[in-house]
Amino acid sequence: MMASSYTAKEEDGHITVSGPGALRSRKPENTAFKQQRLPAWQPILTAGTVLPAFFIIGLLFIPIGIGLFVTSNNIKEFEIDYTGVDASSPCYNCSQSFSWNSSRPCTCSIPFYLEQPYESNVYVYYGLSNFYQNHRRYVKSRDDSQLNGDPKSLMEPSKECEPYAFHENKPIAPCGAIANSMFNDTLELFYNDPNGTKVQILLNTTGIAWWTDKHVKFGNPGRNSPNLTAAFQGTTKPINWRRPVFDLDADEANNGFINEDFIVWMRTAALPTFRKLYRIINKKSGMVPTLPRGNYSLEVVYNYPVRSFEGRKRMILSTISWMGGKNPFLGIAYITVGSVCFFLGVVLLLIHHKCGNRNNNADISN
Amino acid sequence: MGMDFSTLRTLISRYCVGEENWVDSRTIYIGHKEPPPGTEAFIQQRFPDNRIVSSKYTFWNFVPKNMFEQFRRVANFYFLIIFLVQLIIDTPTSPITSGLPLFFVITVTSIKQGYEDWLRHKADNSVNQCPVHVVQHGKVVRKQSRKLRVGDVVFMKENETFPCDLILLSTSRDDGTCFVTTASLDGESSHKTHYAVQDTKAYITEKEVDSIQATIECEQPQPDLYKFVGRINIYMDNEPVARPLGAENLLLRGATLKNTEHIYAVAIYTGMETKMALNYQSKTQKRSAVEKSMNAYLVVYLCILISKALINTLLKYVWQADSNRDEPWYNNRTDTERQRHIVIRAFTDFLAFMVLFNYIIPVSMYVTVEMQKFLGSYFIMWDDDMFDEELGERAVVNTSDLNEELGQVEYVFTDKTGTLTENNMEFIECCVDGHIYVADAICNGQVMPGATSMDMIDSSPGPGAREHEELFFRALCLCHTVQVKEEETVDGIKHGIHQGKSTSFYISSSPDEVALVEGMKRLGFTYLRLRDGHMEILNREDEIERFELLEVLTFDSVRRRMSVIVRSSTGELYLFCKGADSSIFPRVISGKVEEVRARVEHNAVEGLRTLCVAYRPLSPEQYTEVCHMLNGAKLSLHDRDKRLAEAYDAIEKDLILLGATAVEDRLQEKAADTIESLHKAGMKVWVLTGDKMETAAATCYASKLFHRNTQILELTTKRTEEQNLHDVLFDLSRTVLRQHGGMARDSFSGLSGDCTDFGLIIDGATLSAVMRPAQEDSNSGNYKEIFLEICRNCSAVLCCRMAPLQKAQIVKLIKASEEHPITLAIGDGANDVSMILEAHVGIGIMGKEGRQAVRNSDYAIPKFKHLKKILLVHGHYYYIRISELVQYFFYKNVCFIFPQFLYQFFCGFSQQPLFDTAYLTLYNISFTSLPILLYSLIEQHINVDILKKDPSLYRDIAKNSLLRWPIFIYWTLLGVYDAIVMFFGAYFLFDNTTFTSNGQLMTTNTQMMFGNWTFGTLVFTVLVFTVTFKLALDTHYWTWINHFVIWGSLVFFVVFSLLWGGIIRPFLNYQRMYYVFMQMLSSGPAWLSIILLITASLLPDVLKKVICRALWPTTTECIQSADKLYEGHLSEFTPLASLHAPSKAGGHRRGSGNQRNPRRSEPFRKKTMFTRWQKHPDYSTFTPLLRFADGHSKHAYSGGAGPETSV
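These protein sequences, in sequence, are chains A and B. Position 201, counted from 1, in the first sequence is what UniProt numbering calls 201; the numbers after and before it change by one each time, with no gaps. Position 1114, counted from 1, in the second sequence is what UniProt numbering calls 1114; the numbers after and before it change by one each time, with no gaps.
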């Protein structure tokens, strides 16, 4: 700073009497930017200008909302809570006598009745309540490198996986709390034909995970090796799992880390009450509804304990529309905001008429 | 460092030697020669070398020292702590999120500082290594400047700059003088004469100089540039001769030798001890009101942050009391974690919450604010309107920290001479014993062709009077410090309008003197030159008269006079004295005092600057006595100034009055208009001047500070002589308050058509009596309060006869009064520096009294009239801009962080972040930073022309109105509302239903579930769009830059999200966003909900704006609407006052009592008015009509401004 003061300009003989010792070069450039006179659009928000916007928003949002609401209402959804809290529930016993080590799986069957036929594809979800998949300790408890098939991470799972990284000095594959707590109930649907036969409904296990997850983000170690068992050699299964990871599905393309049930589970839910896609029931060819009206039963292999944290388990059947699943909120919200806007538009119109005169603008332009 | 060592050394030597006189004086051996034996033995002092160190860092200490400096700033330190916490404990967000921005800020700052320091090193080196010629062993040797030592005899040539502080020994000129400019020191570019020591001035070759045996005793270095006391002991034949040394012998480092071939001088202060180096002290940092509110907000947000973290920690442990919630089977802790003590766990959790929410205090706000201020200040420098053709100067910004303070000024303290007036003196008349002489047609010191020499108004004076008259003229020709600049023949054409014999012109630091000497020239007596100590005058008969100049008793502002003692060719001795009337009259013993006094008062009322001239014939005995007194005073090392003043006082007495002069200082162009605008803008203008009361008052009337109907209250010595101060003060306050109370009642009944406003005149003596701290009797302690009370109720105050320090005192007094108003001081001279430094904003005028005011100011403008633009336009804009910037920054960070806070309630208080790391990091850095920065640089809510035309718009932003707590709370609540809408909007979409995506293509069968990252991304997308649109709604001035930046940053956000969502490989373990954004966008409901949530978030703000504008518009908003209506041509209409807001909004905002009448106007009247306005563009006819329009038209009147002034 001081040194720069040496270079202070030196004008020679600044004289009180003499004329201007002008330095023309100091004259600022007369550009629009430097003079802050750039051409500009200068809008002001007044009642007058905002009015049309409010009405337009109102007129747009209300129909959209109604459309959404109707669409959402047309979606058929059926939900069964099979936790087995009540003694009357078929799954009560299973829920009471739960043990991780029981070798014989507990099963229960819940009958239900569909009042309407489900026409198009039907999606089967399982829903959990009070399950904090978004807990920080839980969310980070995974090793994405391992899940991607990195052989190094397979044998040395990341520290984030603790305390689910090693079991009996063997690396766990897949490691971490998320994988360890994977939902392992088996849900099967049977249609009870009016003529008494029990028809198992075909549930599609694939096509439920994001394509990119299945094909890019997740990958088995030694992607090309035909033998998954060999690829997972030296690792152990997560403690709570009944089967090792290479034994999740008979289908090679849906086994190991790229098992879609596993991938779906690994995408942690945003809120403690959530649903995850479980299976898809494809529409049958012809005019036959996917799920006709009638009696059904849900057969559950009850493996997953939720009572300890007061959780609930549900099975949901749902059709979807162009806007996704059943979602009355969006429609209602649209209608609400639209009406509010419309109402405010009217209020503003009144204000505008009352005060417009005072603000001396409206009248002059006429 | 150099400084430290030298002070240390001084300290050590002080304690070692233990002698008193070492403390405040130093002894220098010229040429390092030992003093001859027999003299007092001095212990050689050690002095620093001549190295200048202005750099702060060295290569080695740069990193640690710079880091230390940077982390001393609270904000940086805060972010460092957050970063360290993130490194140490297990935190929700990666250290990158706070580390990267901090690293960026620190790096940019340190690169900038490093570069600046490198430049300083370079400058230091070039200065330290530049060659200097030193006399050694009778030869001139080249040396590097840094090797120069105290005692070296230096040889300097013309146009060289002095490398250290020197005592002039001899010069190439016969009379032992040299000329120097100190342009780089204080900006004064006039040539100043310095004198060689009388006894050494004959030593003119290096050999001779080398033979000088002398010691110099002088004070230790001190920063005052204009003060120096020393003594030189010259040993001639081992007999010491002592001579005084003063500032006139001292050549300062940084000054340049002019018009002198070469000089010899001895170094006395070197390196960091030179006066220039000592003078380089950083000014105390001024902080603007905006910055203060910003810091207050920061504290509020810090409290919010801490309480959020505390609440969450508390709730977490309440919630976790159930062990199945704390550790459900699917989510166990590790063993080490389990073993940790609960207190430590709780504390870590608290820290983790702090880290999670720390973005609420954004590091980027500081960077943005600094950039805004720095870049914004360029618009002031670039302003073409503030360029002065005549001076060739434009506005200068010395500190950009105060841009917005310019929009907050409540009190303006202005100097008179050179600020309000041009400081361009014209000799008007002189009066000798009551006879008046007028010199015709003298303008700017140049003589118009054909000017008659003089014009005598009075009847011809008698012979005695004639003698007096000539003495008067001679006195004026002799009693001055004007130099004659000889005109070079080449330059003859440039100043070719000279008439007659003179081919030279006058230079002086005081324009009055030049005007007087020029005036004398017109009256027949021409001052020719000073040669060999003789002043030469060309008298009316074209004869040259020579007077030997014996002593000059220089001017100072305390004595307010100067004298010379001369010896005429006939051997008579005279003392001529000229000075302010108040300092001359008491010393006069004869002369026509009454006549002269009458004339002086008459002239003063006219606004002329008057000086009185007196003389005193001296007998040789008296002269010897005078010489003795002066030398005695000059030789003393201690209290020389005091003793000199006493000596002067004793000499300048028993004067005989000759007459008086009158010089006009014209008002600066548009000074009146500017003052009027400032008044209308609600500022109180005070004039602080050293001038006479009458002169100053006349200027005040001319500059419309006082109006015809202003009731003048006087608080002057004259009045306090009659009554005592106590009574006067109470009298005045009673008058003012009565009127004020009455006015309030008047305005209530709506009858306050033309209330009188008050103007106060106070003089220096009375002021110091008022300011005197607690006196004996108890009831005088509150004089200050009463005085302030009076001042508050006066629209204009004139303080005359002010000493420089008193100016600062006044500013301080007002600053410290209970409202803590923002003050601005404007001045052009060295005497204004103290008040410029004291006021919140100091403005320097690039006047004719050097550059000291400019150097010490925060902003410098070429002319007083530019004050209008810099305050009303630039100040207003910057205030609007920065207040929006600050509020918006807090708002957008509330929007940003509050959803994360809400999310904690749904994730078990586990500190799970809602947004991805990349979003957390980039939100403030790149997604939302540029629009607000550009907004804060180019926003113009009202056109420049309208702002200038209607100063009262300034009142709309007075008292920091846009950064008040209610507005701050409004913004914060708006942020909270938006956050709630965003979060719960997304929550309900996710919670209630299967929020699935099918990309509208049923065939692809992709029914994917959305996870927590999608949830966050949805909220974040809404967030980015909402805050950007909010800014877009606030923007009133859409240039292509705004369009580019606003839409550009939204596009950037989308593009970035797509790219970031598409990359997986290198960041596999951190990449949680893979395809999340794309999946979200492929879902119809996501689009719909984004649109819905953005609309719902913006709705209340739009509504509030529209309704407020419709129902309670501020003046600004009315003007905006009107301008819109006239498509930008509003500024061409004159009476903008008609558009002023009804005062419901304005009344409490402005807080001043005189504008409270509510508007009662019938619509039809207005209609007629407006139709007439359209039909007849004859503005002046409208003003009466416009009065109906609203109660504020009085505004246009009460200012006393007819319509003619505002055009």
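Each hint should be verified, as a subset may be incorrect.
[As the list claims (entries may be wrong)] Think about it this way: if two alpha-carbon atoms lie no more than 25 Å apart in a straight line, the pair counts; the simulated BS3-like pairs of lysine-lysine are:
#1 Lys-865(B) with Lys-34(A)
#2 Lys-948(B) with Lys-34(A)
#3 Lys-865(B) with Lys-27(A)
#4 Lys-192(B) with Lys-207(B)
#5 Lys-948(B) with Lys-27(A)
#6 Lys-157(B) with Lys-112(B)
#7 Lys-140(A) with Lys-139(B)
#8 Lys-201(B) with Lys-33(B)
#9 Lys-354(A) with Lys-201(B)
#10 Lys-33(B) with Lys-139(B)
#11 Lys-34(A) with Lys-1124(B)
#12 Lys-812(B) with Lys-784(B)
#13 Lys-670(B) with Lys-27(A)
#14 Lys-1105(B) with Lys-354(A)
#15 Lys-354(A) with Lys-1104(B)
[What the hints assert, rightly or not] Not close to chain B: a few residues of chain A, all C-beta gaps over 12 Å, as computed:
#16 Leu-68
#17 Asn-93
#18 Asn-227
None of these hints come from the bench; they were simulated from the model. Glycine included, each C-beta is placed from N, C-alpha and C at the ideal position.
Evaluation of the provided hints:
1. Lys-865(B) with Lys-34(A): Measuring from Cα to Cα gives roughly 20 Å; hence the hint holds.
2. Lys-948(B) with Lys-34(A): holds (18 Å)
3. Lys-865(B) with Lys-27(A): holds (17 Å)
4. Lys-192(B) with Lys-207(B): violated (28 Å)
5. Lys-948(B) with Lys-27(A): holds (22 Å)
6. Lys-157(B) with Lys-112(B): Given that 25 Å is the threshold and the Cα spacing comes to 38 Å, the pair is violated.
7. Lys-140(A) with Lys-139(B): Given that 25 Å is the threshold and the Cα spacing comes to 82 Å, the pair is violated.
8. Lys-201(B) with Lys-33(B): Distance of about 19 Å is within 25 Å: holds.
9. Lys-354(A) with Lys-201(B): Violated - the C-alpha atoms of Lys-201(B) and Lys-354(A) are around 90 Å apart, more than 25 Å.
10. Lys-33(B) with Lys-139(B): holds (15 Å)
11. Lys-34(A) with Lys-1124(B): holds (24 Å)
12. Lys-812(B) with Lys-784(B): holds (12 Å)
13. Lys-670(B) with Lys-27(A): holds (21 Å)
14. Lys-1105(B) with Lys-354(A): holds (17 Å)
15. Lys-354(A) with Lys-1104(B): holds (17 Å)
16. Leu-68: violated (7 Å)
17. Asn-93: Answer for Asn-93(A): holds, closest chain B Cβ roughly 20 Å.
18. Asn-227: Per Cβ check, Asn-227(A) is outside 12 Å of chain B; nearest 25 Å; holds.
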